[in-house]
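Chemist: With these hints in hand, go ahead and build the complete structure from the sequences.
Residue numbers (my numbering), protein chains in the order written: chain A, 12 to 424; chain B, 12 to 424.
Hints may be right or wrong, so weigh each one.
Identical copies go unnamed one by one, so any copy, or any two together, can satisfy a pair.
As the list claims (entries may be wrong) - Within a straight-line C-alpha distance of at most 30 angstroms, the following computed BS3-like cross-link-like pairs (lysine-lysine) qualify:
| hint | residue 1 | residue 2 |
| --- | --- | --- |
| 1 | LYS276 | LYS241 |
| 2 | LYS91 | LYS159 |
| 3 | LYS77 | LYS91 |
| 4 | LYS343 | LYS159 |
| 5 | LYS159 | LYS77 |
If you're looking for bench data, these hints aren't it; they were derived computationally from the structure.
There are 2 protein chains.
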Amino acid sequence: MHILVKERCFTQDISQKAVMIMSLIVQKFGGSSVRDVQRLRHVARRISDVYHQGNQVVVVVSAQGKTTDQLIGQAMEVTKTPSGREMDVLLSTGEQMSISLLAMALNQIGCPALSLTGWQVGIHTDAVHQNARILQVDTQRILQQLEKGNIVIVAGFQGVDEERNITTLGRGGSDTTAVALASALNADHCQIFTDVEGVYTADPRIVPEAVKLPEITYNDMLVMASMGAKVLHDRSVELAKEKQVHLEVLSSLTEAPGTLVWGVKDGPPSMQGITADRTVLRYHLTSISLEDASHFMTELYRRQVRPDLTEQPADNELLFTVSQHHRQTVEKTLKERNLWAEADERWAKVTVVGSQLHSIPHVKQEVLSELEEAGIPFGSSWLGERRCSVLLPRDAADEGVRALHRVLLRHRE
Amino acid sequence: MHILVKERCFTQDISQKAVMIMSLIVQKFGGSSVRDVQRLRHVARRISDVYHQGNQVVVVVSAQGKTTDQLIGQAMEVTKTPSGREMDVLLSTGEQMSISLLAMALNQIGCPALSLTGWQVGIHTDAVHQNARILQVDTQRILQQLEKGNIVIVAGFQGVDEERNITTLGRGGSDTTAVALASALNADHCQIFTDVEGVYTADPRIVPEAVKLPEITYNDMLVMASMGAKVLHDRSVELAKEKQVHLEVLSSLTEAPGTLVWGVKDGPPSMQGITADRTVLRYHLTSISLEDASHFMTELYRRQVRPDLTEQPADNELLFTVSQHHRQTVEKTLKERNLWAEADERWAKVTVVGSQLHSIPHVKQEVLSELEEAGIPFGSSWLGERRCSVLLPRDAADEGVRALHRVLLRHRE
Numbered sequence: 012m013h014i015l016v017k018e019r020c021f022t023q024d025i026s027q028k029a030v031m032i033m034s035l036i037v038q039k040f041g042g043s044s045v046r047d048v049q050r051l052r053h054v055a056r057r058i059s060d061v062y063h064q065g066n067q068v069v070v071v072v073s074a075q076g077k078t079t080d081q082l083i084g085q086a087m088e089v090t091k092t093p094s095g096r097e098m099d100v101l102l103s104t105g106e107q108m109s110i111s112l113l114a115m116a117l118n119q120i121g122c123p124a125l126s127l128t129g130w131q132v133g134i135h136t137d138a139v140h141q142n143a144r145i146l147q148v149d150t151q152r153i154l155q156q157l158e159k160g161n162i163v164i165v166a167g168f169q170g171v172d173e174e175r176n177i178t179t180l181g182r183g184g185s186d187t188t189a190v191a192l193a194s195a196l197n198a199d200h201c202q203i204f205t206d207v208e209g210v211y212t213a214d215p216r217i218v219p220e221a222v223k224l225p226e227i228t229y230n231d232m233l234v235m236a237s238m239g240a241k242v243l244h245d246r247s248v249e250l251a252k253e254k255q256v257h258l259e260v261l262s263s264l265t266e267a268p269g270t271l272v273w274g275v276k277d278g279p280p281s282m283q284g285i286t287a288d289r290t291v292l293r294y295h296l297t298s299i300s301l302e303d304a305s306h307f308m309t310e311l312y313r314r315q316v317r318p319d320l321t322e323q324p325a326d327n328e329l330l331f332t333v334s335q336h337h338r339q340t341v342e343k344t345l346k347e348r349n350l351w352a353e354a355d356e357r358w359a360k361v362t363v364v365g366s367q368l369h370s371i372p373h374v375k376q377e378v379l380s381e382l383e384e385a386g387i388p389f390g391s392s393w394l395g396e397r398r399c400s401v402l403l404p405r406d407a408a409d410e411g412v413r414a415l416h417r418v419l420l421r422h423r424e
Numbered sequence: 012m013h014i015l016v017k018e019r020c021f022t023q024d025i026s027q028k029a030v031m032i033m034s035l036i037v038q039k040f041g042g043s044s045v046r047d048v049q050r051l052r053h054v055a056r057r058i059s060d061v062y063h064q065g066n067q068v069v070v071v072v073s074a075q076g077k078t079t080d081q082l083i084g085q086a087m088e089v090t091k092t093p094s095g096r097e098m099d100v101l102l103s104t105g106e107q108m109s110i111s112l113l114a115m116a117l118n119q120i121g122c123p124a125l126s127l128t129g130w131q132v133g134i135h136t137d138a139v140h141q142n143a144r145i146l147q148v149d150t151q152r153i154l155q156q157l158e159k160g161n162i163v164i165v166a167g168f169q170g171v172d173e174e175r176n177i178t179t180l181g182r183g184g185s186d187t188t189a190v191a192l193a194s195a196l197n198a199d200h201c202q203i204f205t206d207v208e209g210v211y212t213a214d215p216r217i218v219p220e221a222v223k224l225p226e227i228t229y230n231d232m233l234v235m236a237s238m239g240a241k242v243l244h245d246r247s248v249e250l251a252k253e254k255q256v257h258l259e260v261l262s263s264l265t266e267a268p269g270t271l272v273w274g275v276k277d278g279p280p281s282m283q284g285i286t287a288d289r290t291v292l293r294y295h296l297t298s299i300s301l302e303d304a305s306h307f308m309t310e311l312y313r314r315q316v317r318p319d320l321t322e323q324p325a326d327n328e329l330l331f332t333v334s335q336h337h338r339q340t341v342e343k344t345l346k347e348r349n350l351w352a353e354a355d356e357r358w359a360k361v362t363v364v365g366s367q368l369h370s371i372p373h374v375k376q377e378v379l380s381e382l383e384e385a386g387i388p389f390g391s392s393w394l395g396e397r398r399c400s401v402l403l404p405r406d407a408a409d410e411g412v413r414a415l416h417r418v419l420l421r422h423r424e
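Modeler: What follows is the structure in structure tokens.
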């Protein structure tokens with residue numbers, strides 16, 4: 012097994028509660044961890060334990076369970092094209108509900124707790140609604156409350172722009188809130204609680220043999236997250252790397268040790284995990300000149316869209332994939348340039364994530380042979396330093412992940 | 012019919028849309044007016060009509076339908092004794108949802124609209140959670156948006172205290188928000204839209220012969236509201252009177268002219284309406300000394316509780332009624348003074364509201380005879396300048412309202 016071996020003692024210390032005494036700890040709980048009253052009470056008890064060990068605790072929560080989806084549904088009933096600003100006003104209520112309910116649950120078991128929304132904390136963002144970036148976090152009010160002995164519950168996913176408009180950080184934004192708070196408060200620990208026990212070599216629901224990673228570097232985690240691993244929001248990993256915040260990913264349901272995300276130096280050539288992105292869209296343009304294709308791609312890059320698995324099967328053809336949430340930008344760009352192609356939703360991208368993959372002999376070949384042997388058809392593929400991705404039919408994605416995981420296990424033996 | 016006859020021409024003008032051109036209008040829509048997408052669209056169209064006539068429009072909305080009750084239910088699942096501060100964080104999400112959805116519905120039909128929460132407007136209140144009073148309203152952001160041509164949608168019922176905690180104004184608080192905004196903005200009209208067509212001599216669902224009042228004085232409306240008429244929140248009427256804001260109560264569903272609430276001078280002796288308060292609690296103390304009774308009542312007054320229909324049937328007995336929401340204060344005061352009495356929920360208070368009732372000969376006698384004739388038993392009763400109230404069994408309240416309305420009709424003929 013290729014495991015990164017920097018200061019392993021630190022990883023072990025973290026799971027020993029003795030060293031956590033008198034620390035400032037940021038804990039983030041996702042929507043499924045607080046989805047109903049039972050889960051909320053369970054989370055409150057876990058927070059209470061850490062608090063009663065003498066720690067200062069700042070908790071970041073997401074909206075409960077399916078709340079965000081329900082709110083989006085309500086908006087869609089009213090209009091198919093809601094303004095980003097009003098969506099943010101609407102969606103931010105989800106976290107506002109969960110912070111107050113969690114504060115109540117903590118009070119109920121005798122813990123002093125106080126909830127704060129994004130604007131109450133002072134989580135300042137840019138004005139890009141639905142996908143805002145945190146610019147600055149005020150710490151004064153949180154520190155005041157911590158000094159008073161309160162547990163502070165902060166609404167994840169939301170902030171406020173210069174003009175006091177409510178903004179949201181995009182899907183998974185609560186992870187980013189937690190990292191930004193941990194960095195601004197100079198917290199001793201930043202724990203991301205979720206419904207799995209850490210970062211695995213693959214989704215354990217699909218691959219029962221998947222192995223929990225005791226630790227992973229920011230870079231590997233970043234590629235995992237951007238290639239479809241749902242355990243952490245990619246922007247939160249980026250921020251953690253930038254601010255050198257050590258993240259611990261662990262389960263809100265068990266006491267098992269989780270995965271530590273830290274470390275900037277890459278390890279030896281290794282495979283860390285297999286991911287699947289089932290939300291990619293494939294576009295196939297025909298009758299496009301080489302020049303037009305080049306201008307079109309440049310324009311996409313200019314608009315922050317990164318096409319992947321690009322291929323030119325013939326001089327006048329162009330194939331590429333993008334993330335689903337770039338659909339509008341791609342189609343707008345196509346229209347502006349008098350081009351036409353339909354979004355093809357029948358594909359998935361499976362990826363081997365690792366370090367120095369180029370240095371592992373014949374890695375792409377091995378991946379493709381494994382798929383062939385399993386009888387899985389595949390389209391474009393790409394090998395880079397940190398990943399090897401292959402396009403598969405969406406309904407073969409699980410089978411593809413299992414095939415690639417067999418490759419990974421051979422290399423980790 | 013005794014009708015107040017000050018500057019009737021003004022009342023008529025208000026229903027002619029021509030004079031509304033280029034006015035600043037505050038419109039408030041209650042929870043039932045926006046309870047689902049259909050109602051929301053309907054309200055958006057009404058607002059759009061007024062906007063397209065060239066008016067500047069500020070809209071105040073309540074939470075949709077049963078949202079507030081659902082949120083209270085969620086809190087009760089977590090704890091029976093939530094802190095007022097956290098309840099306000101939770102409950103204020105109801106209006107935050109409806110402002111964003113209404114702004115979307117307006118955008119959808121081509122009207123530029125922008126939502127603002129209490130803190131975004133700057134609705135500054137004291138720190139009494141769940142029953143806060145508005146201290147000051149900032150107008151800068153609203154005026155800026157109006158000048159840009161936007162319809163401004165403001166969350167009713169909520170504000171923010173000095174320390175940036177969210178506060179709520181108590182049940183019906185959206186009416187108060189509308190009046191406070193109309194006053195601060197020096198609006199030309201303040202329209203309270205509801206699911207009835209105005210202020211009636213009695214609830215038309217109980218008394219089919221009830222008559223819609225074209226206008227009513229602040230004082231009469233205040234007594235109606237505090238005695239159980241649900242059409243307006245009593246604090247909003249108080250504020251309207253103080254700030255001289257003319258209120259128009261009208262239906263969000265029909266185009267019928269409503270009721271104008273204005274005027275401080277009382278008219279001639281008259282009866283204006285019959286109300287029923289089905290939420291009163293009766294307390295009956297036995298074995299209490301005259302001195303203890305007097306100290307107890309003084310203490311209640313000191314705590315802002317106004318006992319009503321007080322009676323001392325014997326030297327050592329005390330009977331009185333209070334509003335349901337004073338239950339906790341009453342029971343705390345009883346306990347502190349080593350007194351004991353159980354809240355009796357089997358009663359309702361029906362009231363004739365009017366002006367100079369003392370000057371109508373034998374009015375109390377007439378009321379009691381009418382009840383007797385209808386075979387309705389009654390308890391304590393009280394006649395003052397502005398009202399004549401009688402305690403009845405709660406299940407006879409509707410019958411009692413009908414009986415008292417017969418008295419009113421005889422006097423209005």
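Chemist: Give a verdict on every hint.
Modeler: Here is how each hint holds up against the structure:
no.: 1; hint: LYS276 x LYS241; verdict: within (23 angstroms within a copy, 68 angstroms between copies)
no.: 2; hint: LYS91 x LYS159; verdict: between (46 angstroms within a copy, 25 angstroms between copies)
no.: 3; hint: LYS77 x LYS91; verdict: both (20 angstroms within a copy, 25 angstroms between copies)
no.: 4; hint: LYS343 x LYS159; verdict: between (53 angstroms within a copy, 29 angstroms between copies)
no.: 5; hint: LYS159 x LYS77; verdict: neither (34 angstroms within a copy, 37 angstroms between copies)
Hint 5 alone, counting from the list given before, is not met by this structure.
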